[in-house]
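> As given, the protein sequences belong to chains A and B, one line each in that order.
Going by this note's numbering, the first sequence opens with residue 1, and the numbers climb by one from there.
Going by this note's numbering, the second sequence opens with residue 324, and the numbers climb by one from there.
Simulated crosslink set (BS3-like; lysine-lysine; CA at most 27 Å straight-line):
(1) B/Lys584 - A/Lys262
(2) A/Lys262 - B/Lys525
(3) B/Lys588 - A/Lys262
If you're looking for bench data, these hints aren't it; they were derived computationally from the structure.
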Amino acid sequence: MSKKLVEVQHLKQYFHAGGSMFNPKYVKAVDDVTFYINKGETLGLVGESGCGKTTTGRTLLRLYEPTSGKVIYDGKDITKVSMLPYRRKMQIVFQDPYASLDPRMTVGDIVGEAIDIHKLAASKTERHDKIIAMLERVGLNSEHANRYPHEFSGGQRQRIGIARALAVDPEFIVCDEPISALDVSIQAQVVNMFEDLQQDLGLTYLFIAHDLSVVKHISQRIGVMYLGKLVELADSYELIFHSVHPYTRSLISAIPVADPIKSRESKRIVLEGDVPSPVNPPSGCRFRTRCRYATELCATQEPEFKEISPGHFAACHHLDKVQ
Amino acid sequence: MSELLLNIQNERLSFFTPAGEVKALNDISIQMYEGDVLGIVGESGSGKSVTAYSIMQLLPHTGRIIGGTIDFNGHRINDMTEQDMRKIRGNEVSIIFQDPMTSLNPVYTIGNQICEVIKLHTNKNKKQALERAEELLSLVGINEPRKRLKQYPHELSGGMRQRVMIAIALACEPKLLIADEPTTALDVTIQAQILELMIDLKEQLGMSIIMITHDLGIVANMCQKIAVMYAGKIVEYGPVDEIFYNPQHEYTKGLLRSIPKLSEKEHNRLVPIEGTPVDMLNPPKGCPFAPRCDSCMKICLREMPQYTTINDGHLSACWLLQKKEFMQGGEEN
Chain A
1 MSKKLVEVQH
11 LKQYFHAGGS
21 MFNPKYVKAV
31 DDVTFYINKG
41 ETLGLVGESG
51 CGKTTTGRTL
61 LRLYEPTSGK
71 VIYDGKDITK
81 VSMLPYRRKM
91 QIVFQDPYAS
101 LDPRMTVGDI
111 VGEAIDIHKL
121 AASKTERHDK
131 IIAMLERVGL
141 NSEHANRYPH
151 EFSGGQRQRI
161 GIARALAVDP
171 EFIVCDEPIS
181 ALDVSIQAQV
191 VNMFEDLQQD
201 LGLTYLFIAH
211 DLSVVKHISQ
221 RIGVMYLGKL
231 VELADSYELI
241 FHSVHPYTRS
251 LISAIPVADP
261 IKSRESKRIV
271 LEGDVPSPVN
281 PPSGCRFRTR
291 CRYATELCAT
301 QEPEFKEISP
311 GHFAACHHLD
321 KVQ
Chain B
324 MSELLLNIQN
334 ERLSFFTPAG
344 EVKALNDISI
354 QMYEGDVLGI
364 VGESGSGKSV
374 TAYSIMQLLP
384 HTGRIIGGTI
394 DFNGHRINDM
404 TEQDMRKIRG
414 NEVSIIFQDP
424 MTSLNPVYTI
434 GNQICEVIKL
444 HTNKNKKQAL
454 ERAEELLSLV
464 GINEPRKRLK
474 QYPHELSGGM
484 RQRVMIAIAL
494 ACEPKLLIAD
504 EPTTALDVTI
514 QAQILELMID
524 LKEQLGMSII
534 MITHDLGIVA
544 NMCQKIAVMY
554 AGKIVEYGPV
564 DEIFYNPQHE
574 YTKGLLRSIP
584 KLSEKEHNRL
594 VPIEGTPVDM
604 LNPPKGCPFA
614 PRCDSCMKIC
624 LREMPQYTTI
634 NDGHLSACWL
644 LQKKEFMQGG
654 EEN
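Assemble the whole structure, with the sequences as input and the hints as a guide.
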């Protein structure tokens, strides 16, 4: 049995969203989410925009202070401690490679900054060697260290972002939509690189994306989020081929398949309506406004997130009805 | 037999920038018949959007068509003045843009923006235009259309706004609808709604669609014909089944290999296309894909290959195919 590296218990992240002093309103971006990630594993997190997947990733690193709940890293509760020592172990790769690199720093300095902060290099030459080693690791070369981000293509910039995350020898990386901004032919390069790095360095990933086919490819387990809640979590093949939650099913069926014959044959479940506002989420089950199995029970009682078969969790009142 | 609606012959288009000439389109030929749905796929910078904009003459002033002809519905687009173009745009051909958040005017109501098109192209009065606008909103599946007419874009969600964009585009029942990445900014479940809507409307109104996207799943779903573009060239063109099940160009093959498949039951490593996209300021001399191609030969670096006809209506521009054809020809003799 592998060891849990990161664990999140009843994590909540509410953002203040106006209202009066006595009656403040909150956006419940993440509302009572519980999961764990084993060492060396990739957990994928999918959902539509605004479902709280990015917030979960950021709160887990305490880039936002959690409203309540616990984050446990390697057996220690890190919800209230100084993060500096943990920043060495936990890193993040951001979505937009155009916005997440300082345009006035050279690539060498971008990667070197983390090395300086954590004092990982004793001398200038050691720092330089480390930077070059990192760049080479991600498929760039030593010449690139003196250049500026604008001189690189999107795929290369994302590599720089990855090199920066790797510079401190982390154990755990939150990959926040790292490939969404890239072209199709470049996406595969970066996905393969993530897999290689995981094998070589024994990394653990939380892989956040909205593209279910990529998440399924890279992750061992997948969690599906809807309006701040986890609705289903399972082994990735189990989730794709034997999903039980109506939302997961419609999400899978909404993906256009790159296979003309199959897509002509398959019948799509098209969800009606839009995602409700997280300021004012529906009572009970949050998916009920778009769910075709919804009954009165769904409006009054929130379904419990329970284990339906080993390792397969889902939150729905009507699991028996969903064929 | 349906009529030829759009005929682009050997179009060349360049942008004249301070850094030099960018050959955005290089010898593009496209034929579309009435009722066709054509998908144009390619990476960013491959020229797919520019192709569409050149049909509408919506290019920035640095862009110029320097060769070839565009014929649309009996008009020679190249020779038309801006004044004449305005009569066609929104009337016979219209476009839906990628980002519904920025393509609607935030200071006018939805009703106002739809009526603008109707009043410009028909001689309906204000009241009739509003009635038509309401009709259009219900056509694109927006509930409470009368209320929506008085709302501003910020009051609607992304999916709703894209529906409004479609309503505006359809206001005058165009013969050709160009959809430039219409769902890229939307979530998958909303994307499914919009695609479904577009297919329905196409059936109802009998228009033709050019679907520009980088998502192979969308073209597999919607289109009858596909043009695969790379660096301003159509490298492969053909019916959807031919492109997916019998791809001939190395780029098309690479593209199909590099996407992860949801239905796969085991973990196979992805096969990426190595290298980086072409720098359009200094494009390679021969085949633009040659520097990234696994089967690159000497001739690929020197000269651009001609199209080889694989099957009925399936064309591909690759030296490997020319070589095959040459070898087969040799055997016969």
